[in-house]
Amino acid sequence: MDSSRDIDRLSRDVVSQLAVIVRTSQLHDPRNVAVATSIEKFVAVANVIILEESSMDIEIVGEYFYLNGERVKFTMEHLLNFDFLQREFKKRALGSIKFRCEVSTADMQEFLTAFISCQFQAEPFEDLLLKTDGMRCISVGRLRRISEQSDVDMRKTVKRTYFNAVSFTRGVMNKIKIGERISMKKAKRVVETMVDTLLDKEEFLFGMTVIKNYDEYTFHHSVNVSILSVALGQRLGMDKKSLMELGLVALFHDIGKTVIPNEILNKPTVFDEHDWKVMARHPLFGVKLIFRMKSFDAASVRAAIVAYEHHIHPDGSGYPGIKALPELDLFSRIVAIADQYDAMTSSRVYARTPMTPDKALALMVKRVSSQLDPLLMKFFINLVGTYPVGTLVVLDTLELGVVSAANQADSMRPRVRVITDSGGNRIEPWVADLTKKNAGGMYLRSIRKTVDHNKYGINLAEYFL
Amino acid sequence: MSDEDILRPAQELIQVFQRAKKSLRMYPANNPVYSKTIEDAFRRTDAFLLEYGDLELKFRQSEILLGEQVVYQSQDKEDNFAFFFFKDGVRELVFRRGLSSGELGEFLRAISFDFERDGEEEDIVTLLWERDFEHIKYVIDENFLLEDNVYEDQAIAHAKGEGADEPELKRIYGEILKDEGGPLQPEVAPVTKADLLELLKELERDSTSKLPKLTGMLFDFFRDAGPSECAEPVDLMIEVFEYCIKKDDLRSAVGLLSKASGPVAGAPDAALVKKELGRLFEFASSQKIVGMLGERLDTGEMFEAVFEEYVRHLDKSAVPSFISILGELKTIEARKRIINALVFLGGKDIQALVKGLSDPRWYVVRNIIYILRQIKDRSVIEYLVKTARHQDVRVRMEVLRAFGEFEGPGVLPALREALDDPEASIRMMAVRALGKLMSEPAKGIIVSRINGKGFIDLDFNEKKEYFEVLANWGGQETEEFLLRMLRTGSFFRKNKVAELRACAAYGLGLLGSRSALEHLEKLKKAKNRLLSDYSYRAIKRIEYGQQPGH
Chain P
1 MDSSRDIDRL
11 SRDVVSQLAV
21 IVRTSQLHDP
31 RNVAVATSIE
41 KFVAVANVII
51 LEESSMDIEI
61 VGEYFYLNGE
71 RVKFTMEHLL
81 NFDFLQREFK
91 KRALGSIKFR
101 CEVSTADMQE
111 FLTAFISCQF
121 QAEPFEDLLL
131 KTDGMRCISV
141 GRLRRISEQS
151 DVDMRKTVKR
161 TYFNAVSFTR
171 GVMNKIKIGE
181 RISMKKAKRV
191 VETMVDTLLD
201 KEEFLFGMTV
211 IKNYDEYTFH
221 HSVNVSILSV
231 ALGQRLGMDK
241 KSLMELGLVA
251 LFHDIGKTVI
261 PNEILNKPTV
271 FDEHDWKVMA
281 RHPLFGVKLI
291 FRMKSFDAAS
301 VRAAIVAYEH
311 HIHPDGSGYP
321 GIKALPELDL
331 FSRIVAIADQ
341 YDAMTSSRVY
351 ARTPMTPDKA
361 LALMVKRVSS
371 QLDPLLMKFF
381 INLVGTYPVG
391 TLVVLDTLEL
401 GVVSAANQAD
411 SMRPRVRVIT
421 DSGGNRIEPW
431 VADLTKKNAG
441 GMYLRSIRKT
451 VDHNKYGINL
461 AEYFL
Chain V
1 MSDEDILRPA
11 QELIQVFQRA
21 KKSLRMYPAN
31 NPVYSKTIED
41 AFRRTDAFLL
51 EYGDLELKFR
61 QSEILLGEQV
71 VYQSQDKEDN
81 FAFFFFKDGV
91 RELVFRRGLS
101 SGELGEFLRA
111 ISFDFERDGE
121 EEDIVTLLWE
131 RDFEHIKYVI
141 DENFLLEDNV
151 YEDQAIAHAK
161 GEGADEPELK
171 RIYGEILKDE
181 GGPLQPEVAP
191 VTKADLLELL
201 KELERDSTSK
211 LPKLTGMLFD
221 FFRDAGPSEC
231 AEPVDLMIEV
241 FEYCIKKDDL
251 RSAVGLLSKA
261 SGPVAGAPDA
271 ALVKKELGRL
281 FEFASSQKIV
291 GMLGERLDTG
301 EMFEAVFEEY
311 VRHLDKSAVP
321 SFISILGELK
331 TIEARKRIIN
341 ALVFLGGKDI
351 QALVKGLSDP
361 RWYVVRNIIY
371 ILRQIKDRSV
381 IEYLVKTARH
391 QDVRVRMEVL
401 RAFGEFEGPG
411 VLPALREALD
421 DPEASIRMMA
431 VRALGKLMSE
441 PAKGIIVSRI
451 NGKGFIDLDF
461 NEKKEYFEVL
471 ANWGGQETEE
481 FLLRMLRTGS
491 FFRKNKVAEL
501 RACAAYGLGL
511 LGSRSALEHL
521 EKLKKAKNRL
531 LSDYSYRAIK
541 RIEYGQQPGH
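From first to last, the protein sequence lines are chains P and V.
The working numbering numbers the first residue of the first sequence as 1 and each following residue consecutively.
The working numbering numbers the first residue of the second sequence as 1 and each following residue consecutively.
Treat the hints loosely; a few may be bogus.
Claimed, not checked - The calculated BS3-like cross-link candidates involving lysine-lysine, where the alpha carbons are at most 27 Å apart (straight line), are:
1. V/K376 to V/K453
2. P/K186 to P/K277
3. P/K241 to V/K288
4. P/K159 to V/K246
To be verified - Pairwise CB distance ranges (calculated):
5. P/P326 to V/L203: 14 to 20 Å
6. V/G226 to P/P268: 40 to 46 Å
7. V/N143 to P/C137: 45 to 51 Å
8. V/G347 to P/D272: 34 to 40 Å
9. V/L200 to P/K449: 49 to 55 Å
10. P/I427 to V/S209: 41 to 47 Å
11. V/V94 to P/I178: 39 to 45 Å
12. V/Q18 to P/S295: 47 to 53 Å
13. V/K170 to P/S295: 17 to 23 Å
14. P/V61 to V/G102: 22 to 28 Å
15. V/P413 to P/S295: 56 to 62 Å
16. V/Q73 to P/K177: 43 to 49 Å
17. P/A298 to V/G347: 34 to 40 Å
The set of hints was computed from the structure by calculation and includes no laboratory data.
Quick reminder that beta carbons are idealized off the backbone N, C-alpha and C, glycines included.
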C-alpha cells in the first residue's frame with residue numbers, strides 16, 4: 001500500500017463497515033439481500049488488507065481498535081460506528097477477530113449468524129468460540145483485560161505520570177508565585193505523557209483522579225481537571241494534538257489562584273463578600289499570568305481564554321461579571337465540567353466535606369443548560385458512567401466495593417474493586433466484572449446501592465495506589 | 001551480512017536526513033527543491049529499510065549509534081545532529097519497514113522546524129508526538145520530565161496515610177448496610193446520531209481562530225479597568241498584536257486595530273483611552289512590525305485587501321518604518337504594496353516622506369519621488385529640486401518625470417540645468433518635462449535652446465525630441481518658427497543642417513501644417529536621405545493624418 005493515509009483510511013473503513021454489518025444483522029438475517037450488500041462491501045475492503053498483509057487481526061484494547069497491531073485512528077464521522085462496535089465486542093467479551101485468508105460473503109454470513117446469536121447465551125464468548133471453531137478462515141479471541149497486560153507495570157507508569165504531573169504543576173505554580181517566567185515547553189511534554197497514558201490505560205489514570213489531597217488541592221485539582229478534560233475530549237473524537245492542547249489549558253485553568261493571598265485561599269472560616277470578590281478575580285489574574293509566560297503561542301491564546309471563561313456559565317451567571325455574554329469556547333465548557341466534577345468530589349477550604357462522585361454527577365445533571373453545556377454533559381455522563389470511578393458501592397452479594405472502571409457497554413455494570421467479603425471482613429482487593437453471569441444466565445453481582453465513603457471515613461486512595 | 005555492510009549505508013542515510021533538515025529550512029514548501037529533497041530522502045530510506053530492515057538509532061550527546069557502532073559523531077555545539085535529538089530527551093529513534101513517503105516527509109518537516117523563529121515553546125519530541133507516526137517510533141528518557149524524584153513516594157505515603165485512623169471496616173460494615181444509600185442514578189442515555197451531528201458542528205466552529213475572542217476579552221478588561229489599571233490590558237493587546245503578525249494572521253491583527261479605532265463603550269475617560277490605545281497603534285506602526293510584514297509581503301502570500309485595511313488604521317508615524325522597509329524588500333509586488341501604503345500615509349505627513357529623499361539607497365529615493373508624484377502635493381517641489389542633482393541617473397530621471405507634473409519655483413531652472421546633463425536620456429526627459437508643463441517660459445527655454453549655439457551638434461534623436469515637444473505646443477508662432485527652420489540652408493555642415501530641417505519637417509508633420517506642404521514636396525526629392533524621408537512622412541501625415549511606415 002502506498003501511503004500511511006491509505007492504510008489509515010482502509011483500517012477505518014474495515015472497522016466502520018464491520019459495525020454496519022453487525023448493526024444490520026441485528027435487524028435482518030445475515031443472508032438477507034440488504035445485509036448481503038453491506039457484507040460484500042466489507043469483504044471488498046477487508047480483502048485488500050488481507051491480500052496485502054496475508055492476514056487481518058481486528059483487536060480491541062482498552063477503548064481502541066487495533067488492526068494488525070496498529071491503532072485504528074478514527075475521525076468524528078466514524079465515532080458512532082466505532083462506539084457501537086466496541087459495545088458489541090465487549091458485550092460478548094470478544095477481544096479480536098482474525099481473518100487468516102481471503103474472506104467471502106458466505107464466510108461473513110456464517111460468522112455474523114454466530115456473532116448475533118451468541119449474545120443471548122450465558123457465556124457469549126464461549127458460544128461464539130464454539131460456533132466459529134470450524135470456520136474456514138475466521139477465528140476469535142477473548143477480550144483481554146488490561147490487567148492481563150502486566151497490570152503492575154502499568155500501574156507504576158500511571159502513578160509516575162500522575163504524580164509527576166502534580167509535582168510539575170506545583171513547581172510551576174510556585175515559580176509563578178515568586179515571579180519567575182515559566183515555559184510551556186515542559187508542560188506540553190508532561191501533558192503529552194498524560195494523553196498517551198490516558199489513551200492506553202484510561203481506567204488507571206482515571207482512577208488516579210480519585211486521589212485528593214486537601215493540602216495540595218490546587219495542584220491535584222489542576223491535574224485531575226486536565227485528565228478529566230482530556231478523557232472527555234477523547235470521547236468527542238479529538239485528535240492527539242487537540243487533546244494535548246486541551247490538557248494543557250486545563251492544567252493552567254486555575255493558574256490565577258497563585259496570586260490570591262494565602263490567607264484567603266486557606267481561610268478556615270466561611271468566605272465573606274470581600275474574599276469572594278478577590279477569588280472571583282482569579283480568572284482575570286490567570287489571563288495576565290499566561291501572558292507572562294516565556295513566550296506566547298497558540299496554546300497560550302487558548303489557555304488565556306479558558307482561564308478567563310471557566311467560571312462563566314452558559315446562562316451568563318458565574319464570574320467574572322460580563323456585560324455581554326460571549327459564546328463560550330468549547331475548551332472552556334469542557335474544563336468547566338471537569339472543574340465542577342473534581343471540585344465537588346474534593347475536600348476544599350470552602351467545602352470541607354466532598355460529595356460522592358454519584359452525588360456530584362446528579363447535582364451536575366441538575367445544572368445542565370444553566371451552568372453546564374447539555375451536549376458535553378451527555379458525553380461526560382457517558383464517560384464516567386452511572387457509577388463513576390471512586391463510588392463506594394454495596395453489591396447484592398453484600399460485599400463492599402469501589403467502582404474502578406466504567407463500562408461503556410453497560411453503564412449499570414462497571415468494574416468494581418471488591419474490598420470486603422459478604423460478612424464485612426477486609427479482604428485483599430480484587431476486581432469484579434459486573435457483567436459476568438452464572439450458568440443460568442443470572443448476573444453474579446449487581447450494585448445494590450451507593451454509599452458516601454466520607455461519612456464512614458473510608459480512604460479510597462489506598463485502592464487506587 | 002557484516003556490521004560493515006550496514007554501517008556505511010546507515011551513515012549515508014543520516015547524512016541524507018541532515019541535508020534534508022537544512023534544505024527544508026532553506027526553501028519554501030512550494031519550491032521544487034523542497035519536494036525533491038523529500039522524494040530523494042524517501043527513496044534512500046525506503047531502499048535501506050528494504051535491504052537491511054528496521055533502522056534503530058540510539059542517541060548520545062554527541063554520537064548516534066547503530067547497535068554498538070558509532071554512525072555519527074560531532075562535537076559541534078551548534079550544528080550537532082545527535083545533540084539535536086538528545087537535548088530534548090530522545091534516546092532512540094526507529095524507522096520501520098512500511099514507512100511511507102508522507103510519514104518521512106512529516107518527519108523531515110518536524111526536524112527542520114525553526115525553533116528560534118517559529119516556536120520557542122516547541123521541542124522535537126512534541127513535534128514528533130503530534131504527528132503520531134506509525135512507522136517511526138522513538139524512546140524518550142522519562143527522567144527528562146521528572147520534576148521531583150521523591151515527590152511520588154511522599155505523595156503516595158501521604159494519600160495512604162490519611163487512612164491511618166480509618167475505622168475498622170468490620171465495625172462500620174453494619175452501619176453501611178443500614179445506610180439508605182446515595183441518589184438513584186438513571187441509566188446513561190447513549191449518544192445519538194443527532195448528538196454527533198451537533199458535535200460535528202461544534203468542532204467545526206471550534207476550528208476557527210481564537211484570536212478575535214482573545215482580543216474581545218482584552219477590550220473587556222480595558223473597558224472595565226480603572227485609570228491606574230488600563231495600561232496593562234493595552235500591554236497585552238500589544239503582545240497579541242505581535243503574535244498575530246508572527247503567525248501571519250494579519251486579519252486578526254487588523255481586527256484588533258479596528259476594535260481599538262472604534263469607540264470604547266463604557267470607558268469613563270476618553271482622553272486616557274485615546275492615549276493608552278495610541279500605544280497599540282504606535283506599535284502597529286513600528287519598524288519591528290512593518291519589518292515583519294515586509295518579510296511576509298515578499299512571500300507573496302498576504303492578501304492585498306487585509307494589508308490595505310491595516311494601512312488605513314495607521315497614521316503618519318508609520319511613514320519612517322515604511323520607508324525603511326522599502327529598501328529591504330526583494331519582490332516588485334511587495335514594493336508596490338509598500339509604495340501604495342506610503343502614498344496613503346505620506347499624504348498625512350509629507351515632511352516625513354521627503355526625509356526619505358536623503359536615503360542612501362538610490363532605489364528608495366526613486367520610489368519616494370514616485371510616491372510624491374502620486375500624492376501630487378506641490379509643497380514637495382523644493383525637495384525635488386534639491387534631488388534633481390542626485391548622483392544616480394535613475395533618480396534624476398524620476399525627478400524629471402515629477403517636474404513634468406508640477407510647476408513651481410525652481411522647476412524651470414532645474415529643467416534648464418538638466419538639458420545639459422551628461423546623460424542623453426536625462427536631457428531628453430528634461431525636454432519632455434518642459435513640454436508637459438505647456439507654459440510660455442518652458443516654451444521659451446525650448447526655442448532658445450534650438451536657436452542656441454551647439455544645438456546643431458546634438459544627436460538627431462535628441463534634436464527631434466525638441467521639435468516634437470515644440471510641435472505639441474502648436475500655434476502660428478510655432479508653425480512659423482518651424483517653417484523658418486525648414487527653409488534654412490547652408491553650404492557648411494550640410495548633413496547637420498539637413499538633420500535640423502528633417503526635425504522641422506517632422507514637427508510640421510505633427511502640427512498638420514498645410515502651408516508647409518509646398519516646401520515639403522520639394523524636399524521630398526532632396527538628396528539627403530534623412531531629409532527626403534522625413535519630408536515624405538510629414539506630407540503623408542498632413543494629408544492623411546498618419547505617418548507611413550510608423
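Tested hints:
1. Distance hint between V/K376 and V/K453 is unfulfilled; the C-alpha atoms sit about 36 Å from each other, more than 27 Å.
2. With a C-alpha separation of about 33 Å, the suggested pair P/K186 and P/K277 falls outside the 27 Å cut-off, and the hint is violated.
3. Taking the CA atoms of P/K241 and V/K288, the gap is about 31 Å. The hint is violated against a cut of 27 Å.
4. Our distance criterion of 27 Å between C-alpha atoms is broken by P/K159 and V/K246, whose separation comes to about 39 Å.
5. The beta-carbon spacing between P/P326 and V/L203, approximately 18 Å, falls within the hinted interval of 14 to 20 Å.
6. Hint check: V/G226 to P/P268, Cβ distance near 32 Å, so the stated range 40 to 46 Å is violated.
7. Taking 45 to 51 Å as the suggested C-beta distance range, the pair V/N143 and P/C137 conforms, at roughly 47 Å.
8. Checked against the hint of 34 to 40 Å, the pair V/G347 and P/D272 fails, with Cβ atoms roughly 60 Å apart.
9. At roughly 39 Å, the beta-carbon separation of V/L200 and P/K449 lies outside the given 49 to 55 Å, and the hint is violated.
10. Take P/I427 and V/S209: their Cβ atoms lie about 56 Å apart, and the range 41 to 47 Å is violated.
11. Distance hint check for V/V94 and P/I178: the Cβ-Cβ separation is about 42 Å, which falls inside the suggested range of 39 to 45 Å.
12. The hinted window of 47 to 53 Å between V/Q18 and P/S295 is violated, with their beta carbons roughly 27 Å apart.
13. At roughly 58 Å, the beta carbons of V/K170 and P/S295 sit outside the given window of 17 to 23 Å.
14. A hinted range of 22 to 28 Å holds for the C-beta pair P/V61 and V/G102, which are about 25 Å apart.
15. Here the CB-CB span from V/P413 to P/S295 is close to 58 Å, well matched to the stated 56 to 62 Å.
16. A C-beta distance of roughly 44 Å is found between V/Q73 and P/K177, which places it inside the suggested range of 43 to 49 Å.
17. Taking the beta carbon of each, P/A298 and V/G347 are about 38 Å apart, inside 34 to 40 Å as hinted.
Taken one by one, the earlier hints fail for this structure at numbers 1, 2, 3, 4, 6, 8, 9, 10, 12 and 13, listed in ascending order.
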